[in-house]
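All chains, please: the whole structure from these sequences, using the hints.
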Amino acid sequence: MNVLYGTVLATVAAAGLLTLVRLVHGPRALDRILALDVLVTMVIAGTATGMLLRKDTTSLPVLVVLALLAFTGSVTAAHLIEKREGMR
Amino acid sequence: MTTVRDVITAAVLPAGAAFCLLGAVGLLRFPDVASRLHPAAKAQTLGLLLILLGTAVQMPLRHAPVLLLIAVFQMFTAPITSQIIGRTAYRTGALDRRLMFRDELADRLARDGTPVDGPDRPDDPHGPHGPPPEEADR
Amino acid sequence: MTRRRHARSVMRHVPMIAWLWLLWVLLWGSASPVVLLGGLLVATVIVAGFALPPVLPGAVPRPLRIGRLLFHLLADLVRSGAVVAWQVVRHGRRTSAAIVEVPLRVDSDLLITAVAEITTMTPGTLVAEIDRGRRRLYVHALPVDDEQDLVRRKNAVQGVERRVTRAVGAGRRHRGGVTGRDPEGGRP
Chain A
1 MNVLYGTVLA TVAAAGLLTL VRLVHGPRAL DRILALDVLV TMVIAGTATG
51 MLLRKDTTSL PVLVVLALLA FTGSVTAAHL IEKREGMR
Chain B
1001 MTTVRDVITA AVLPAGAAFC LLGAVGLLRF PDVASRLHPA AKAQTLGLLL
1051 ILLGTAVQMP LRHAPVLLLI AVFQMFTAPI TSQIIGRTAY RTGALDRRLM
1101 FRDELADRLA RDGTPVDGPD RPDDPHGPHG PPPEEADR
Chain C
2001 MTRRRHARSV MRHVPMIAWL WLLWVLLWGS ASPVVLLGGL LVATVIVAGF
2051 ALPPVLPGAV PRPLRIGRLL FHLLADLVRS GAVVAWQVVR HGRRTSAAIV
2101 EVPLRVDSDL LITAVAEITT MTPGTLVAEI DRGRRRLYVH ALPVDDEQDL
2151 VRRKNAVQGV ERRVTRAVGA GRRHRGGVTG RDPEGGRP
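Residue numbers (the working numbering), protein chains in the order written: chain A, 1 to 88; chain B, 1001 to 1138; chain C, 2001 to 2188.
Errors might be hidden in some of the hints.
Covered stretches of chain A, as calculated for chain B (at least 3 residues, CB under 8 Å) [stated by the list, open to error]:
no.	segment
1	19-29
2	33-46
3	71-84
Listed below are several chain B residues computed to face chain C (Cβ distance under 8 Å; list not exhaustive) [unchecked claim]:
no.	residue
4	Pro-1031
5	Lys-1042
6	Leu-1046
7	Gln-1074
8	Phe-1101
Not the full set, but computed from the structure, chain B residues with beta-carbon under 10 Å of chain A [what the hints assert, rightly or not]:
no.	residue
9	Val-1004
10	Arg-1036
11	Leu-1109
If you're looking for bench data, these hints aren't it; they were derived computationally from the structure. Where a beta carbon is used, it is the ideal one built from N, C-alpha and C, also for glycine.
This is how it looks when you write it as structure tokens:
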């Protein structure tokens, strides 16, 4: 099973790298927010797989916190952008 | 019992990873923010749900509810995030209107007298009211 | 306030308290007396302190149909994941999108939210803007190549709406006239 977990982890990591490209590239702030949001879901997925690989569950609360933070963070950032652009 | 679990995980985990990867590729390949929201909201959420399912099956039973909670949370927040980002993208003119076959929201706003002043949008031959005058000089 | 009305208003908050309590216990991951009591206390304080308006007047929740709605939602999510993955591979840069206006029949915050959420989970559609006053969704659809696609998308969203109303009822009925400033408001 460890081979499976490793492969899955590698795939998720590759996906994370691709998302990172979008995060760096932009071109707009909204693209970056979206990329960051997706990146956090990938971190959640990767951490979950990592728990299987390492056979311990200590990082379970981290997943919950990440899931909460990603949502509030993205929504707040999008609101800020809307406000900023609306003022021009 | 363990074999059943292993089979489920072996089926579900790679599928989830594949959806994650495809979501990331979509994020890279699609041309504008609104199109990128589609893989981000759907492929990504599905990928995460599958991976969480594959994880939950392998875990001791008392951890399963927490993973379920994360899954449910993700499922209900992903549409909200994408709606807010989509709305902001529209309002700040971040959408590429040349890629759009039809924009009924712009038509609506034009009829209300508050046309969008985003990037140039080709004259819409199907639009019931044509492009608003303000857009012509952009 | 008579005693009966008081009791009813307390009853109205019970589901919310129960849900918060459940959340608390799940997040602590144990069911020791301290956690149980503390959770009940926190949930009650939160519900009492931050009272929410009744979210759906006149709703008739039907558990079986809500279950079916959730099942549909999961099935839709799987389908849309597959569809969007295919689009990524097949179309990539050259997609053609559209923003479709969908008039809704439901008129309650919760129902419109539910329709919007499920619409985002159905293949190829994503809610970009909600016009609460006129009860319209503006749906970003992908891919849209011709008029037929537009109509298909619109019908799909209204199908979602039908499923939602079948599950929890339409809430308060909305008779025409209030939003009369929009002459094209009615559905074909």
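Here is how each hint holds up against the structure:
1. Under a criterion of three residues with beta carbons nearer than 8 Å to beta carbons of chain B, the stated coverage of the segment 19-29 of chain A is upheld, 4 such residues being counted.
2. Only residues whose C-beta sits within less than 8 Å of a C-beta in chain B count toward coverage, and the segment 33-46 of chain A has 9 of them, enough to reach three; the restraint holds.
3. With 7 residues carrying a beta carbon less than 8 Å from a beta carbon of chain B, the segment 71-84 of chain A meets the three-residue requirement, and the given coverage holds.
4. Hint status for B/Pro-1031 relative to chain C: holds, with the closest Cβ pair at about 5 Å, below 8 Å.
5. Against a cut-off of 8 Å between C-beta atoms, the interface hint on B/Lys-1042 holds, since the closest Cβ of chain C lies about 4 Å away.
6. Using the Cβ-Cβ criterion of 8 Å, the hint placing B/Leu-1046 at the interface with chain C is satisfied: the shortest such distance is roughly 3 Å.
7. The criterion of a C-beta within 8 Å of any C-beta in chain C is not met by B/Gln-1074, whose closest approach is roughly 11 Å, and the hint is violated.
8. Using the Cβ-Cβ criterion of 8 Å, the hint placing B/Phe-1101 at the interface with chain C is satisfied: the shortest such distance is roughly 4 Å.
9. This hint is violated: B/Val-1004 has a C-beta 14 Å from the nearest C-beta of chain A, more than the 10 Å allowed.
10. Because the closest C-beta pair between B/Arg-1036 and chain A is about 6 Å apart, less than 10 Å, the hint holds.
11. The closest approach between the C-beta of B/Leu-1109 and any C-beta of chain A is roughly 15 Å, which is over the 10 Å cut-off, so the hint fails.
Hints 7, 9, 11 from the earlier list are contradicted by this structure; the remaining hints agree with it.
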